[in-house]
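Student: Sequence:
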Amino acid sequence: MKFNILTILILLFEWVLCFDSKDEIYNEEETRMLFELAAGTMLTNKTSCISSSSKFPGDSRFVDGFEVTCDILTGSCSGYVVEIISKKQLVVAFRPTDTFFQFSAELFAAGFPDSNFYDIGEASFYFNQAFKTVWPMVKNILTRQDFKNHDVYFIGHSLGGSIASLTSLATIIEKVRKTNQVKVVTFGQPRTGNGDYVKYFNKIVKYSFRIINRGDVLARAPPCFKDMLNFETMRCDPFSNGPKHHKTEVWYPNGMKNGSKYVVCSDGENDYCGNSYQIDFHNFAGALMDHRKYFDKMISP
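FYI, in mature numbering (1 follows the signal peptide of the UniProt record, and there is no 0) the residues of the sequence shown are -18 to -1, 1 to 283.
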């Protein structure tokens, strides 16, 4: 493919204004900072996680919060937005599942067929409904005159990670932001959409990292369609259009204390990352705890 001088100059100009190429490389220090904001969604006083942590830039400020009923058991979906003024960046953080009743509603909704998402693929029924309830409020903040040129991080744990995934895609599809103004970082995110959804996501969301702690069992849900031709390994079928993970997985195989080893897998269903961890009756409780605890901090009840 040939590029003329004008094309190269245009590309360079766009990268100066937006997230640059180093953002394609996993940055653990940045991820730990973003995790603090994701964990802060569980706090009553959302601003305290910003003011009490030395991880955030000094000019970070709370912008706004949102909360709305998002299921039949009156479970709520919520989050908040933080601005990093000097970098002209917004961080949109979504809260994970926070009650047994909400978890029950998610399990009940798992029996429903996946639902259409912008005609590009299908998403989990519950996650899609949750997205639809919060999107108008998030879009309203992103389109404010004082924020319209800000790059945006979408982050969240568990349910919050799935909403972050869907919202990032909607932000680009509805042309609220360009693709190189959006970055997604999630923790313990379940499989959110089908193969078509994942294919489209991987094509237009350039910067995405799914962080997985060891054997996190809910990051395996819903189960992918298995490749029956490889019965011994029961790997995910790469040709199915069933539930799949999108890029890029960052797997911590031995827990998440400071200095812990991690593996980066560009493919959403790579056999060398989280899918390689075998979960059975004996380690199921530990795998459930792996979902609740990230970077050595409890985030899920």
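Hints listed in this document are in silico derivations from the structure and should not be mistaken for laboratory results.
Be aware that a few hints might be false.
Below are the DSSO-like pairs computed for lysine-lysine, each with C-alpha atoms no more than 30 Å apart in a straight line [said to hold, decoys possible]:
1) 114 <-> 160
2) 157 <-> 69
3) 185 <-> 121
4) 275 <-> 208
5) 69 <-> 121
6) 208 <-> 69
7) 130 <-> 69
8) 69 <-> 185
9) 188 <-> 157
10) 188 <-> 243
11) 181 <-> 130
12) 160 <-> 121
13) 130 <-> 70
Student: Each hint needs a verdict: does it hold in this structure or not?
Tutor: Status of each hint after checking the structure:
no.: 1; hint: 114 <-> 160; verdict: holds, 21 Å
no.: 2; hint: 157 <-> 69; verdict: holds, 21 Å
no.: 3; hint: 185 <-> 121; verdict: holds, 22 Å
no.: 4; hint: 275 <-> 208; verdict: holds, 28 Å
no.: 5; hint: 69 <-> 121; verdict: holds, 20 Å
no.: 6; hint: 208 <-> 69; verdict: violated, 44 Å
no.: 7; hint: 130 <-> 69; verdict: holds, 14 Å
no.: 8; hint: 69 <-> 185; verdict: holds, 26 Å
no.: 9; hint: 188 <-> 157; verdict: holds, 15 Å
no.: 10; hint: 188 <-> 243; verdict: holds, 24 Å
no.: 11; hint: 181 <-> 130; verdict: holds, 28 Å
no.: 12; hint: 160 <-> 121; verdict: holds, 14 Å
no.: 13; hint: 130 <-> 70; verdict: holds, 10 Å
Consistency with the previously given hints fails for number 6 only.
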